Amino acid sequence: MTFINIEANTDMRFSEDQQMIQEAARGFCQDKSYIEAVRKLLDSETGFQAEIWQEMVELGWLGMCIEETHGGSALGLDCLIPIAESMGRQLLATPFFASTLAAQQIQRAGSEAQKSRYLPMIANGTVATLALLDNEDWGAEVSKCSLSADGKINGRKVLVEAAAQAEIFIVLCQQGEQQRLAIVERSQLADSAVEAHTLIDETKRAGIVNLNDISISEEQLMPSSAANALDDVKLIGALLIAAESVGSAAACLNLTVEYLNTRKQFNKLIGSYQALKHPTVDMLNMMEAARSQVYHAATLLADSQGDITRDAEIACRMSKASANDALLFAGDRAVQFHGGMGFTYECDAQLYIRRAQWSQQHYGDSAYHRKRLTPLLLA
Amino acid sequence: MQTDATTLDAFRAEISQWLINNIPEDPGFLLPQSFMEVGSEEQLEFLIAWQKKVYEAGYLGMAWPKEYGGGGMPQVYQNIVDEELMNHKAPIIFNVIGLGWAGPLILDMGTEEEKQRYIKGILTADDIWCQGFSEPDHGSDLGNAQTRAVRDGDDYIINGSKIWTTFGNYAKYMILLARTNPDAPSKYAGLSFFLSPMHADGISTSPIQKITGEYGFCQTFFDDARIPASCLMGEENQGWKVAMRTLEYERSVHGGQASTYKFLPIAMEDLLHTCKTIQRDGKPLLDDPVVQDQLVQFLIEEKSLALMKERGEIPELCTDYPFSLALSGKLIATELFRRARQYAVSLQGAKGGLYVGDNMAIEGGQWQRGYFNNFSATIGGGTSQVQANIIAEHALGLPK
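First to last, the sequence lines map onto chains A and B.
Read in order, the letters of the first sequence correspond to residues 1 to 379 in this note's numbering.
Read in order, the letters of the second sequence correspond to residues 380 to 779 in this note's numbering.
Here chain A stands alone, though its shape is the one from the complex:
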């Protein structure tokens, strides 16, 4: 038995492209998604402003990793990370992740016809999403949604990100022993087919997609290798959510530090009490650890041109587990350290503790990833 040398690969770089994108994304998200704007969108139908989405399209973010022949700019996946982190920092919620991951799935496993039809649409802002789950289980190996021999889909997909906004659904379904992916368009579904979920994170949107005898043509079915590509796309999803969570954890920490530096009790700033000070240092260190993991993973993906190598898989999973834990701890302590105010809806700490609960499950909680790291690290 030989164990992996965990310290053997510590590559980390921050490219000029990433720097430029970070600068642009930070500025954009600060301008568009200040806290009042975030709050205004909480009870809106879509959770985002169409104008802002359009600007993101014009900035080229939706086509960032799409091939040039299909209307994108063909940058590496590492370039998405500063955007995801900036969005998390400002709690800017849009169908960016859903569309980006759907595009990855099509680019990696779609037929030429599927790529030519859908990738330019996504790069131009048509919302696409992955409809994967039949229940709460991110680890399910068999889909309950069936695809019959004559091309009919039957089932119900739940927790589908941006379901109500999406025009393109990539649906995971079961055909005998095989998992298959089909691209379904909104026009094929009844108006009532999509129902909204009530989410713990009010900045996000997800829903149920009812698929009753939806007939798909051969052209809508992705090649049989698409299920393997989906494993990679789910890892990229985990990394993007991890990057977003690192941004949210940093913002949550800043909020807490600011409060600890202004609130006084017993004639002292509460930040001077070690009972609050030391866990705040833990918040900082957990956030920093997760950020290191995320940018290391980004570097490995840049080096492998997007291939999920063994090291990249380890890095993506470690990133998600670290970022989950960092944001959960930050959100939890932020509420507690705001005292009575922290328990109110008015206090912004609630935004982060809610985000933490949503993001931890999205593309796998920490224990899910640790379990999948076991054969990679201990076998």
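Hints in this document: simulated from the structure, not taken from any laboratory.
Predicted, not measured: the structure shown is a model, and the values here were computed from it.
Honestly, I wouldn't trust all of these hints.
Said to hold, decoys possible - Partial selection, computed: residues in chain A whose CB lies under 10 angstroms from chain B:
no.: 1; residue: D11
no.: 2; residue: E23
no.: 3; residue: P82
no.: 4; residue: I216
no.: 5; residue: A250
no.: 6; residue: Q265
no.: 7; residue: N267
no.: 8; residue: G271
no.: 9; residue: H278
no.: 10; residue: M286
no.: 11; residue: Y295
no.: 12; residue: I314
no.: 13; residue: S366
no.: 14; residue: K371
no.: 15; residue: L378
What the hints assert, rightly or not - Pairwise CB distance ranges (calculated):
no.: 16; chain 1: A; residue 1: E16; chain 2: B; residue 2: D388; range: 21 to 31 angstroms
no.: 17; chain 1: A; residue 1: S304; chain 2: B; residue 2: M380; range: 28 to 38 angstroms
no.: 18; chain 1: B; residue 1: Q454; chain 2: A; residue 2: E45; range: 52 to 62 angstroms
no.: 19; chain 1: A; residue 1: S146; chain 2: B; residue 2: F702; range: 49 to 59 angstroms
no.: 20; chain 1: B; residue 1: T762; chain 2: A; residue 2: N124; range: 50 to 60 angstroms
Built from N, CA and C at the ideal position, the CB exists for glycine as well.
We have chain A; now place chain B onto it with these hints.
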């Protein structure tokens, strides 16, 4: 001196080969896992000989100036040596207080005469150094040190006591923090910093037995001890600044150390190898999913720690709290090792109850001993709790 990748790779291969050829054989007695654990003459002699060998081969103090005995090369060469020492699990480079703290301090702030006098002996291990900062009543509150130094002609007369003096009984020199003005407006303003001899009338040491049962440091007593006034470093009553600078070297906030290889690395890999030999519920321990989950968690944390250095070199990724990575390293590393070693003992089933000396103890009881000794890292050089205060105040900007 070239620092391109090809040259550095070739150098790494060279030092690696040298280590394979020159790492001494197992001496037949337990070697210390850190510089704070040297407890016997035979260990000391072994480590002096090893340091001399490394120095004479040109692999120690490589970035220190040539005129004082160093190699005059870029720091990256020493960093590579330190990494390879670790990769080969070589014996530690023990004269740490000289190589890591006093040496860089003297090169940074010392006079020409001090550099000529002290630097070479640090490198050759002819002069062992110790540190006189903590006192029995003033550990974390270092600025409150009460050991007195009174000027008397060409001498200072020292009275008081220092504690946790690693190498106190072996050292030739001490970096000493003592109070020259008890009436200063603040406690910090009355302190002075000395490069003091240890072999002087009135200076005595008494070894302290640790929780492991071994010896590794001393209490040092000053009883009307006379040291030359020329031992004063910097100005009288300006010692706090010098002490703070020293602590920055100690906590690796700055580079410039002649070597930083002062702990035998405890990689999680070692823990995993230990696990292979252990049974739980009639099956190999590593088949237990509860154990797997915790081990993977440790591996994630180890990876985060290993990534800190790379991260710290990318300023665009350190914009929130620019000092956090540099200030947090000691806290994160020492606490991770403490938890991992504690966990390693808990994994041993009934054998977790054995200790060094029992021939059934797993790997000679090194995890048990290592767990105990790890407290010297989470307490020494500023306790974890003091470190957390420093990070909170200096990285996060929280109030004192």
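Please write out, lowest number first, the hints stated earlier that are contradicted by the structure.
4, 6 and 7
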